[in-house]
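When you get a sec, could you build the whole thing from the sequences and use the hints?
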Amino acid sequence: MDAEGGGKSNAKPESGHRSSGKSPNVRSIGHHSYIGTAWNAVKTGFRENRFARKRTLFVWYISMGWSIALLILGFIDAGHNGSSSTGSAAAAFAAIWNGILFFLMGLWGLFVLREYRTIMNFAVLLGLAVMGSQLEFTLFVCFVGYAKHSKEEGPYDIAMAVFLFLQTFTLTLFSFMAWRHRGLVIKGINPDEELQFGANELIASTADEYSVPSMDTGTQSNTSNMRRI
Numbered sequence: 060m061d062a063e064g065g066g067k068s069n070a071k072p073e074s075g076h077r078s079s080g081k082s083p084n085v086r087s088i089g090h091h092s093y094i095g096t097a098w099n100a101v102k103t104g105f106r107e108n109r110f111a112r113k114r115t116l117f118v119w120y121i122s123m124g125w126s127i128a129l130l131i132l133g134f135i136d137a138g139h140n141g142s143s144s145t146g147s148a149a150a151a152f153a154a155i156w157n158g159i160l161f162f163l164m165g166l167w168g169l170f171v172l173r174e175y176r177t178i179m180n181f182a183v184l185l186g187l188a189v190m191g192s193q194l195e196f197t198l199f200v201c202f203v204g205y206a207k208h209s210k211e212e213g214p215y216d217i218a219m220a221v222f223l224f225l226q227t228f229t230l231t232l233f234s235f236m237a238w239r240h241r242g243l244v245i246k247g248i249n250p251d252e253e254l255q256f257g258a259n260e261l262i263a264s265t266a267d268e269y270s271v272p273s274m275d276t277g278t279q280s281n282t283s284n285m286r287r288i
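Numbering-wise, the sequence shown is residues 60 to 288 according to the working numbering.
Quick caveat, the hints were computed from the structure, so don't treat them as lab data. Keep in mind the model is a prediction, meaning the values are calculated, not measured. Heads up, some of the hints might be wrong.
[Claimed, not checked] Heads up, simulated SDA-like pairs for lysine to any residue below, C-alpha to C-alpha not over 20 Å straight-line:
hint : residue 1 : residue 2
1    : Lys113    : Thr177
2    : Lys113    : Met123
3    : Lys207    : Ile217
4    : Lys207    : Ala218
5    : Lys113    : Leu232
6    : Lys113    : Leu169
7    : Lys207    : Leu169
8    : Lys207    : Phe196
[Said to hold, decoys possible] Computed Cβ-Cβ distance ranges for the label pairs, DEER-style:
hint : residue 1 : residue 2 : range
9    : Thr177    : His208    : 10 to 20 Å
10   : Tyr175    : His208    : 42 to 52 Å
11   : Met179    : Lys207    : 35 to 45 Å
For glycine and all other residues, C-beta sits at the position ideal for the given N, C-alpha and C.
Here it is, written out as structure tokens:
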């Protein structure tokens, strides 16, 4: 009995030691499980396109940031190109005009994506984004050429070229994402479900149009009289 009691007394501290040793592990496991659950939820959301509209809007916010940077840098580059003997007046005008245009386009696109998500507005915005990306790429090549031929204005032209390339990539990415998730961006419908949605609407409208009306007693009497005649 004493040995058994001693064994029990020796077992209690071990259990207590084990419980105290497990507590931080349990917490860490719980912490990792929370992180894993959140990560799985994010992956599931990306697979099911739950965040498609938010991701598209986030890319447009990035494009607006590049537009503001290009507007500020355009005035700086234009000032140096205008005051330098080796500077280009065409590059100065292109830098300022490009910054103003894309800043205004960014504001209009923000209103379209947040408030006025009609099919016409979305189509115009998508076309502007595609053409704008090509314009920015053309200006990128031009400013790289200006930077090679002008030693004094080279750093400013290189900075313009870098931001123009970033804007080109961002607008191209936005165009792809907006076209891929156009249903969710416009009216909250998954593009994969658009055909099924349209088919259901067509079936419902056809059923309502060609449904047989209910015949009351008055209608039945009229039809019986017509048969007698």
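Outcome of the hint check:
no.	hint	result
1	Lys113 to Thr177	holds, 17 Å
2	Lys113 to Met123	holds, 15 Å
3	Lys207 to Ile217	holds, 9 Å
4	Lys207 to Ala218	holds, 13 Å
5	Lys113 to Leu232	holds, 14 Å
6	Lys113 to Leu169	holds, 12 Å
7	Lys207 to Leu169	violated, 36 Å
8	Lys207 to Phe196	holds, 17 Å
9	Thr177 to His208: 10 to 20 Å	violated, 46 Å
10	Tyr175 to His208: 42 to 52 Å	holds, 44 Å
11	Met179 to Lys207: 35 to 45 Å	holds, 43 Å
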